[in-house]
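Asker: So the protein sequences, as listed, match chains A and B. Using the working numbering, the first residue of the first sequence is number 129, and each one after it goes up by one. Using the working numbering, the first residue of the second sequence is number 120, and each one after it goes up by one.
One or more of the hints may lead you astray.
Stated by the list, open to error - Quick list of in silico lysine-lysine cross-link-like pairs, BS3-like style, CA-CA up to 30 Å:
| hint | chain 1 | residue 1 | chain 2 | residue 2 |
| --- | --- | --- | --- | --- |
| 1 | B | 447 | A | 253 |
| 2 | A | 191 | A | 218 |
| 3 | A | 278 | B | 168 |
| 4 | B | 447 | B | 482 |
| 5 | A | 278 | B | 173 |
| 6 | B | 133 | A | 255 |
| 7 | B | 151 | B | 173 |
What the hints assert, rightly or not - Now the stretches of chain A that chain B is said to cover, found in silico as 3 or more residues with beta-carbon under 8 Å:
| hint | stretch |
| --- | --- |
| 8 | 197-211 |
| 9 | 239-247 |
| 10 | 255-267 |
Calculated from the structure, these hints are not laboratory results. Every residue, glycine too, gets a C-beta built ideally from N, C-alpha and C.
Residues per chain are reported as follows:
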Amino acid sequence: MTENDEIKRLLSTIAFQNDQAAYKELFILLHKRLKQFGYAILKSNEEAEELVSDIFIKIWEKKEKLVSIESPLLYFYTTAKNLAFNRLQKQKRLKSLNPEEWLMQVNSIPLNPEELMMTAEMLNKIKRAVNELPPRCKLIFKLVKEDGLKYREVAELLQLSVKTVEAQMAIALRRLGRCMHIELKTAANLGFSLKK
Amino acid sequence: MGYQENFWVLFSKKLSNEATTDELKELENLIKDNSEWQYAIQNLEDLWKHQPAKDYSHEDDAYMLHIHRMKELGVPFGEMPDNQMPVKSKKKRMLWYSVAAAAMVIAGFFLFGSFSGKNKSNKNQIVREVNEISTRPGSKSRVELPDGSIVWLNAGSKLTYNKDFGKEKREVTLVGEGFFDVTKNKEKPFIISTASINIKVLGTVFNVKAYSEDKQTETSLLHGSIEVTIKSRPNDKIILSPSEKLIVENQITSVVTTGFKRTKENITRTAIPDISTLVSINKLTYNPDDSTVAEAQWINNKLIFRDETFSDLAVQMERWYNVNIEIKNEKVAQQRLNGTLETETITQALDALQETTPFRYEKTGNKVVIH
């Protein structure tokens, strides 16, 4: 069962049975990532927390309408973005509307090199490479890798073309690949020179 | 597009499940021509698959704040979560999680203690009223107790507790198998009584298997610590440490018949205190592939058996599939088996068992006879 299926199941339990336990389960499942996403845009923990609460108030109030959502994760992120935009506009923080200004975290880089059978040195390089990705690129990478959003869903959420998402993903992977010396040899073979 | 750029676009599409068949083929050819990429590709694929550890330890607090905020804003939500819904409506609810979600339940519900102890006291309540939740053979259920503790009831099991549960003490009785995730409350220990043992806990995660038709009562501890008292030896207290399993031989009355043919007659047991009880402490069975605990896998809809006799497995399969199994061949009954049943039907399961153990079976309706 994919995560979207799991969320759909919870949403329909909430809608049909008014089920508070399922509501709580859904909250627990999504709270962290929605808060991170809210924080990326709003840059305030308090506001991000309120944002998640606002999303779930909406969920409870509109629960009957939620059973027909095709991609619940995209729905949650889109709702988070829209509610965050409302806040920014009220506060006249218009610069923050641009995804280039959003500071997203990537959670799925292992802490111990043993987990992936790689050297500590390589893992440190990877961590650094992820941290140094441009904000929009990092955000796209996170949404695709950790939330399993499709390229077209990310494109829709961030108002980009699918081609841009594709290119940003390639940049992210290429930078990570560099930590593993992938380009050194081939670059030499092909006569390229590396920038770094 | 350059050679390199093209590779990275295709490779990231492959990882994201966005690549078409043609693109996959193109990528394959690129890789074939550049075998030195292999190492990095492998590492990136591993990295891609790595998902963040599910840590939901802060979510409970956040949820409480959210409910509080909703209330302040006047959003109608019905009862508050520490005032549980009537158990009856939950009784029929089958709530089954994926493996990951189950892990979340185990990790996350540790902190549910924050909800406990604030039960609305209703002075007019009839004190001795009893709640009973039972599952039929072939079905399971998840129960949330008024203190926030979670109990998963396996097939053919029964959990009872008084209506005033949690007011002064937390006591339940169990017949059958339950996976307990008890919220911490040092003031009010959580006590589980089964036919042969009492278990006292302060807050932990463990599995109790106490079917009346089984030869043994098993207590498997995953986290924390619990104190077990055997009813026939009330002065001995056994403290279990994590990863330990306590097995208590149930007191068997009368003659144990052939030992493989199970009928209603030879499973009726009454407590005779002078028969000594056999007790042993063992280690839990970890699945080497993903270090899950075999004893608790039923909550993920898996029936795992490790070195069990066919006749013991048959009893579990009876509950699992809601069938009646009779083994007429003693040699087959004593055969030791290993395996996992998950989505198989009873027929598929029997067919699979036949591959390692030669036997014949007839199935008519809910009855299976094994020769």
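Asker: All hints, please: hold or fail.
Answerer: Status of the hints after comparison with the structure:
1. B/447 x A/253: Judged against 30 Å, a Cα distance of about 65 Å means the pair is violated.
2. A/191 x A/218: Between residue 191 of chain A and residue 218 of chain A the Cα gap is close to 27 Å, so the pair holds against 30 Å.
3. A/278 x B/168: holds, 16 Å
4. B/447 x B/482: Holds: residue 447 of chain B and residue 482 of chain B sit about 14 Å apart, inside 30 Å.
5. A/278 x B/173: holds, 22 Å
6. B/133 x A/255: OK: residue 133 of chain B and residue 255 of chain A at ~22 Å, within 30 Å.
7. B/151 x B/173: violated, 37 Å
8. 197-211: Three-residue rule not met by the stretch 197-211 of chain A, so violated; n is 0.
9. 239-247: The restraint on the stretch 239-247 of chain A holds, since 4 of its residues have a Cβ under 8 Å from chain B and three suffice.
10. 255-267: Since three or more residues must qualify, the claim that chain B covers the stretch 255-267 of chain A is violated, with 0 doing so at under 8 Å.
Checked against the numbered hints given earlier, this structure breaks hints 1, 7, 8 and 10; the rest are met.
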